[in-house]
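Using mature numbering (1 follows the signal peptide of the UniProt record, and there is no 0), the letters of the sequence shown correspond one by one to residues -18 to -1, 1 to 477.
There are no misleading hints in this set.
Once the Cα atoms are required to be at most 35 Å apart in a straight line, the calculated DSBU-like pairs of lysine-lysine come out as:
| no. | residue 1 | residue 2 |
| --- | --- | --- |
| 1 | Lys217 | Lys95 |
| 2 | Lys54 | Lys282 |
| 3 | Lys64 | Lys436 |
| 4 | Lys102 | Lys64 |
| 5 | Lys282 | Lys426 |
| 6 | Lys95 | Lys64 |
| 7 | Lys426 | Lys281 |
| 8 | Lys474 | Lys217 |
| 9 | Lys281 | Lys424 |
| 10 | Lys102 | Lys474 |
| 11 | Lys343 | Lys95 |
| 12 | Lys343 | Lys64 |
| 13 | Lys102 | Lys436 |
| 14 | Lys426 | Lys436 |
| 15 | Lys424 | Lys282 |
| 16 | Lys424 | Lys436 |
| 17 | Lys343 | Lys54 |
| 18 | Lys64 | Lys54 |
| 19 | Lys436 | Lys281 |
| 20 | Lys282 | Lys436 |
| 21 | Lys102 | Lys226 |
| 22 | Lys54 | Lys102 |
| 23 | Lys95 | Lys54 |
| 24 | Lys474 | Lys219 |
Calculated from the structure, these hints are not laboratory results.
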Amino acid sequence: MYSFVVIVISLVLVAVWADRQLKARRLPPGPRAEPIPRDPRGPWLAFEGLRQRYGSIFSFFMGTRPVIVISKAQTAWDLLEKRGEIYSSRPRMIMAHEILSGGMRGLSMPYGKSWRSWRKIHNTGMSGRASLAYRTHQTLESTLVLRGLLESPERYSYHLQLFATSVVLSITYGRRAVSLDDELVKQNYDTILEFQNTPGKYLVEARPLQWFRREAERIRARDTILYTTLLRQVKQKMDAGAVKECISSRSLATMDALGFSEVELAYAVSAPFGAGIDTTVGSVEVFLLAALHFPAAAKKAQEELDRVVGRDRLPTFDDEPALPYLRAYIKEVTRWRPIVPLAVPHAVTRDDTYEGYFIPKGTTVYGNIFAMTQDPEMFPEPAVFRPERFLDTADPRFVEFTLPFGFGRRHCPGMHVALQSIYVVIARILWAFDLEPERDEKGKTVLPDPDDFKFMGLTRSPAPMRFALRPRGPDVARIIEAEAAEADIRLKEWD
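Produce the complete structure using the sequences and hints provided.
Encoded structure:
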């Protein structure tokens, strides 16, 4: 009897093994024996090398987990959007999600009831309609950016970071950032740097052996104090009748219906504070890089601004519908050098097939946004900055160009707010200044490397650049100073 049981168990194990081998052979092609190549500039570039060898959809194993990388936009739309019911979860992220946040960060949360409640918070607070309420604040803060650039253009990155931080704080907590030296701001930036989960970064992701937790748990405790303190400050203002409406105030008012504890809600509402700063800053810095390399396109946008806005006031959101070339220009900024080149990975919750390939339950799926936005079939001459590619088109994917913001149910919930920030800053910089590249001792133009980027886990931004900003007329400085003085008064009243 014992021998019979052993034989049966052995046969079952062999059948399971054989089934796994058969399914593995039906996965998309990819490396099996050799290690996955790495690229210090970012994993999307390593994936681009594999795409050239294996095609636009390929696979490999991370430990025992199958991983599929998609490099064509249509494939990503077919799977991550049209089949969103089974492609909207996240792979298990032991360090970034479970240890560093106790499973409370919505960005890395598996698809389910808790995630849907998290998403409801941000859809309510940052939908296309809700984002309209933030335009006045974004306009005022952008005026201070212009004054900063007028006084110290070499500190462009600081001015942009302060703008993005203040906008995100106002949306999330109903308060501003007066300086990046604020301890609150510095602590949050440290948190952003910790929250990254690049492929293969942590051994524990491939082999879940949690023999180190002390430092990660210290960081989590620090973050928990930060987020709960910010939420409680909003609650105190609500009780005193002095709160500015924001995501936190709206969420506190519906806390019981959401089913979140105080700590869970504190993490949920912190999402824009954690993810909405570097993306905005990086996008505007890409604009600066593109304007230096492709001055003719910048000039066209300036000519349109001059026709529509004139030269006696700054552009506003009311001007946007009459600025089609500028809108196309901004879409091209997000395409030419995407700030999030590799989408946060999805996970498959049920076995699936696609074009003859088997995609087993539990597979991690990456959308290589970098490869998609540089696809010559979709974007001819992709290295060229050409806003015209988004004009005079009826293709809905170009009219509403959301590719750089992710896919399906997991696309960036702050997309509308981010695009508003990017629009108002770019429009006003183009209206106010001519960007001129640095020149060497012989007067020869020295352009920054268009591919020299800093990579920060999920996002990237251009390396520091040197350039000159020349006011576009004798009245520019006066107009900026006058509007900035008024913005100071209104923002002080707001705060």
